[in-house]
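With the hints as extra help, turn the sequences into a complete structure.
Each chain is listed here by its residues.
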Amino acid sequence: MSYRILIVDDSKLARMAVGKILGTVHPGWTRVEAANADEAVARVREATVDLAVVDFNMPGRNGLELVAELRALKPGMPLAVISANHQTEIVTRVGEAGATFLAKPLTEAALRCFLDTAIMHLEAARS
Amino acid sequence: MNEFIEQFLVEGRELVAQGSDDLLALEENPGDKERRDSAFRAFHTLKGAAGIVDFEAMAQTLHAGEDVLSAVRSGAVVMTAAVTDLCLDCLDQVTTWLDQMQATGEVPGDAQARADQIARQFRLVSEAARPVGAASFSEATEEVGAEPQRGAPPPAALAVLEEQVTLLRNTAPAGLRGRRSSAVRVAASVLRGIDRSSEAADFERLAGATAPPEPLAETLAETLARLVEELSPPGPAQTASPGATPAETSVRVDVHRIDALVKLAGELTVAKNALGHCARLIRDDTDPRRLAAELKAQHLQLERLVADLQQSVVALRVLPLQTAFQRFPRLVREMAGALAKPARLMIEGATTEADKTIVAAISEPLLHVIRNSLDHGLETAEERTALGKPAIATIRLRAMRQGEHIVIEVEDDGRGIDLARVRSVAAARGVASAAAIAAMSEAEATDLIFAPGFSTAASVSDLSGRGVGMDVVRTTVERLGGRVFVSSRPGLGTLIRFNLPFAVMMTRVMIVEAGGQMFGLPLEAVVETVRVPRAAIAAVGAARALVLRDRTLPVIDLGKSLGVEPATGGAEATIVVVSAMGQLGGLEVDRLGERLDVMLAAPEGLLTGVPCIDGTTLMGDGRVLIVLDIRELLE
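Protein sequences, first through last, are from chains A and B.
Residue 60 in my numbering sits at position 60 of the first sequence, and the numbers go up by one each step.
Residue 1105 in my numbering sits at position 105 of the second sequence, and the numbers go up by one each step.
No wet-lab data here; the hints were simulated from the structure.
Since this is a predicted model, take the numbers as computed values, not measurements.
Take the hints with a grain of salt, since some may be wrong.
As the list claims (entries may be wrong) - Listed next, the in silico SDA-like pairs over lysine to any residue satisfying Cα-Cα at most 25 Å (straight line):
| hint | chain 1 | residue 1 | chain 2 | residue 2 |
| --- | --- | --- | --- | --- |
| 1 | B | K1033 | A | R61 |
| 2 | A | K20 | B | R1035 |
| 3 | B | K1033 | A | E89 |
| 4 | B | K1033 | A | A84 |
| 5 | A | K12 | B | V1253 |
| 6 | A | K12 | B | T1323 |
| 7 | A | K12 | B | A1017 |
| 8 | A | K12 | B | S1579 |
| 9 | A | K12 | B | K1560 |
| 10 | A | K12 | B | F1004 |
| 11 | B | K1560 | B | S1579 |
| 12 | A | K12 | B | Q1322 |
| 13 | A | K12 | B | L1302 |
| 14 | A | K20 | B | D1037 |
| 15 | A | K20 | B | K1560 |
| 16 | B | K1033 | A | D10 |
| 17 | A | K12 | B | S1433 |
| 18 | A | K20 | B | R1283 |
| 19 | A | K12 | B | D1021 |
| 20 | B | K1033 | A | K20 |
| 21 | A | K20 | B | G1105 |
| 22 | A | K20 | B | T1323 |
| 23 | A | K74 | B | P1108 |
| 24 | A | K12 | B | R1257 |
| 25 | A | K20 | B | S1579 |
Claimed, not checked - Across the chosen pairs, the derived CB separations fall in these ranges:
| hint | chain 1 | residue 1 | chain 2 | residue 2 | range |
| --- | --- | --- | --- | --- | --- |
| 26 | A | R71 | B | D1089 | 42 to 52 Å |
| 27 | B | V1313 | A | E108 | 39 to 49 Å |
| 28 | A | E108 | B | S1182 | 48 to 58 Å |
| 29 | B | L1268 | A | R71 | 30 to 40 Å |
| 30 | A | G23 | B | D1089 | 35 to 45 Å |
| 31 | B | R1185 | A | T107 | 45 to 55 Å |
What the hints assert, rightly or not - One-sided excerpt, in silico: chain A residues whose CB lies under 8 Å from chain B:
| hint | residue |
| --- | --- |
| 32 | L13 |
| 33 | M16 |
| 34 | A17 |
| 35 | P105 |
| 36 | A110 |
Quick reminder that beta carbons are idealized off the backbone N, C-alpha and C, glycines included.
This is how it looks when you write it as structure tokens:
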């Protein structure tokens, strides 16, 4: 089952890195990219996006703020926030926003874990 | 090169530029929260990027820097000049690593040592900011600095001081206190011995500061090391410039410009089809008048499209001057520091655009002019205050577009050009005869600074160097097809203005030697070059002709027709077959040279109106190359 996943990060290099890992885990999925919160919201509005992986530290609206917005747009959409800062405070806030915290640099294991859970949710939502 | 590394290099350079910009702006405006956050983000993102390409050493260094900037955000660390310096040094090192990676395509293997050094210095700043006696500690570190401009201390003294640094760097807990107090005593006593009592007192005060023992020892070591460096005789000139960027072979282009080109390509296809239609009309024997009208309309359309195309292509090569200007604020800061002449660079019009070639080539001349301004043009802070001028000098860098030209100005509020001195130095250096110089108007005398070999530095400073003068600046600018002017007001300042073409159209020429001189032939007119036995050239009345592959070509002796020496004979003749307006001709020359891309300047002065000349250009060795008009030659 092929899903559409949105990758949001102001660094193209970081998006490439996530994309590369994704390509190993789920090569058949469609990738959509956005460089900031505004673009991300536009992508979600214009076409189906099943799940999203969002960088925490971005200029303008940060990852947490974007997650809140996406929640409102599409409740139930699996969301993950990637950050290099593992401070307890951030991890808690991500959890409170209903998203999964993923540490940077992203590993295949961590992403796989998030995606497996996400797929379960998406399939449950279908039925 | 691996695409990740490629992207890393692109983003890395952008982030370094952004970070430097933020740090400098933050220094001007310490309260600017946006800049503070942006600087933090630059370090944070650089750290992340280093992680992605597995450049561990760089990631570690940037992590330490990020911690310091985070502490600045939370107010635990004060953003002093020393901290800014450290952050900028770190970014410089990142640039060096990026340059290495650009050349090798791989992560540098020898980065760990330097990375550790910088990370350690960052950590010292972070730790020095711990609440226990924090504020006074970091201030005290600042205070321990050597007074500039005194004779260098004897090497033995420096050696002993360096020994104490090593002692202090040994932070093994056993005997730490003992080592520290001994080292401090010896260092202070040596400093007093070389007549640096105030530095000695500062150092002792620092040693008495409240701080945990290990960081204290490290800070003392670093501070003493810095002091030793300041006291050491100056080494070979440290050019502040982080080095010229390796030649850029790619350009970032605005997506809209690409879209415009795509649209043009579509329109050109339509025009092409319309011409095809005309061809069919001819075949079907259409009324000639209708045909003529159709052809004319299509020709007009094509003309418009080709003009648009040329403009769009030129626009692709266009970059904002910011690309050239961006390293200047940093360099001015360092040069002003090195010369102890506080100065500020204000930039206007950095978004003005110019052709990539111009933007790349103008950087060095501008830098030289700015260096000159700092070196010679600006007074010291004391002199300025005595004159009632603000202690911090201002250098303004302005860029604007004026029609088909770009104007860039460098203006300082310094002492202006001392004409009397310029005249006397010019006479001393034999630039012109004393009489001629005395007779020169103010404007002409001012222009003397562009004479080759002219340098008025009484003591040749490390920065401006000897002989790399304004003459090189002028030559470079003229080779770009521009001009440079200087105007000055005594006591008020100097203004240097560059007038440059907005776009550079290059012509390919082939160099030939005829009659002992070099000439350029536009390559588009050259069909081929042949060597033929002299017997093959037949005399036809007063003229000569050659039969080449069943075509008869007139043969013209280039040297003779241009009024220089005729071709040196020889068993074989070198002929360049050229074509213009459908006519073919053969030009006999002595020798063929290389092919060059040149920027053609319209003939001026004595050369205007001389037939057969298309234009002139300045060659690399400074000689003028005359480029010939083939059509006129053949007539």
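Now the hints, each set against the structure:
The straight-line distance between the Cα atoms of K1033(B) and R61(A) is roughly 16 Å, inside the 25 Å bound, and the hint therefore holds. Taken as a hint, the K20(A) and R1035(B) pair is broken in the structure, with Cα atoms around 33 Å apart against an allowance of 25 Å. A threshold of 25 Å between alpha carbons decides the hint, and for K1033(B) with E89(A) the separation of about 22 Å falls inside it, so the pair holds. This hinted pair checks out: K1033(B) and A84(A) have alpha carbons roughly 22 Å apart, not beyond 25 Å.
Of the supplied pair hints, the one linking K12(A) and V1253(B) holds, its CA atoms being roughly 16 Å apart against a limit of 25 Å. Proximity of K12(A) to T1323(B) is assessed by CA-CA distance (about 21 Å); at most 25 Å being required, the pair is judged to hold. Note on K12(A) and A1017(B): the hinted pairing holds, with a Cα-Cα distance of about 17 Å set against a maximum of 25 Å. For the hint linking K12(A) to S1579(B), the alpha-carbon distance of about 51 Å lies beyond 25 Å, and the restraint is violated.
Pair hint K12(A) plus K1560(B) does not hold up; C-alpha atoms about 63 Å apart against a cutoff of 25 Å. A hinted pair counts as satisfied when its Cα atoms are at most 25 Å apart, and K12(A) with F1004(B) qualifies at roughly 10 Å. Simply put, K1560(B) and S1579(B) have alpha-carbon atoms about 19 Å apart, close enough for the 25 Å limit, and the pair holds. Simply put, K12(A) and Q1322(B) have alpha-carbon atoms about 23 Å apart, close enough for the 25 Å limit, and the pair holds.
Of the supplied pair hints, the one linking K12(A) and L1302(B) is violated, its CA atoms being roughly 40 Å apart against a limit of 25 Å. A threshold of 25 Å between alpha carbons decides the hint, and for K20(A) with D1037(B) the separation of about 29 Å lies outside it, so the pair is violated. This hinted pair does not check out: K20(A) and K1560(B) have alpha carbons roughly 69 Å apart, beyond 25 Å. Of the supplied pair hints, the one linking K1033(B) and D10(A) holds, its CA atoms being roughly 20 Å apart against a limit of 25 Å.
At most 25 Å may separate the alpha-carbon atoms for a hinted pair to count; K12(A) and S1433(B) exceed this at roughly 63 Å. For the hint linking K20(A) to R1283(B), the alpha-carbon distance of about 58 Å lies beyond 25 Å, and the restraint is violated. Note on K12(A) and D1021(B): the hinted pairing holds, with a Cα-Cα distance of about 21 Å set against a maximum of 25 Å. At roughly 35 Å between alpha-carbon atoms, K1033(B) and K20(A) are farther apart than 25 Å, so this suggested pair is violated.
At most 25 Å may separate the alpha-carbon atoms for a hinted pair to count; K20(A) and G1105(B) meet this at roughly 20 Å. Only pairs whose Cα atoms come within 25 Å are accepted, and K20(A) paired with T1323(B) is rejected, the gap being roughly 32 Å. Note on K74(A) and P1108(B): the hinted pairing is violated, with a Cα-Cα distance of about 45 Å set against a maximum of 25 Å. Taken as a hint, the K12(A) and R1257(B) pair is honoured in the structure, with Cα atoms around 21 Å apart against an allowance of 25 Å.
At most 25 Å may separate the alpha-carbon atoms for a hinted pair to count; K20(A) and S1579(B) exceed this at roughly 56 Å. At about 43 Å, the CB distance of R71(A) to D1089(B) agrees with the hint of 42 to 52 Å. In this structure, V1313(B) and E108(A) meet the distance hint of 39 to 49 Å, their C-beta atoms being roughly 45 Å apart. Between E108(A) and S1182(B) the CB atoms are about 55 Å apart, so this pair conforms to the stated range of 48 to 58 Å.
One distance hint, 30 to 40 Å for the beta-carbon pair L1268(B) and R71(A), is violated here, with the actual separation near 49 Å. G23(A) and D1089(B) have their C-beta atoms about 38 Å apart, which keeps the hinted 35 to 45 Å range intact. A hinted range of 45 to 55 Å holds for the C-beta pair R1185(B) and T107(A), which are about 53 Å apart. Because the closest C-beta pair between L13(A) and chain B is about 5 Å apart, less than 8 Å, the hint holds.
For M16(A), the suggested interface contact is upheld, since its CB lies about 6 Å from the closest CB of chain B, less than 8 Å. Proximity of A17(A) to chain B holds as hinted, the smallest CB-CB distance being about 5 Å (cut-off 8 Å). The closest approach between the C-beta of P105(A) and any C-beta of chain B is roughly 4 Å, which is under the 8 Å cut-off, so the hint is satisfied. Here the hint on A110(A) is broken, as its CB sits about 14 Å from the closest CB of chain B, past 8 Å.
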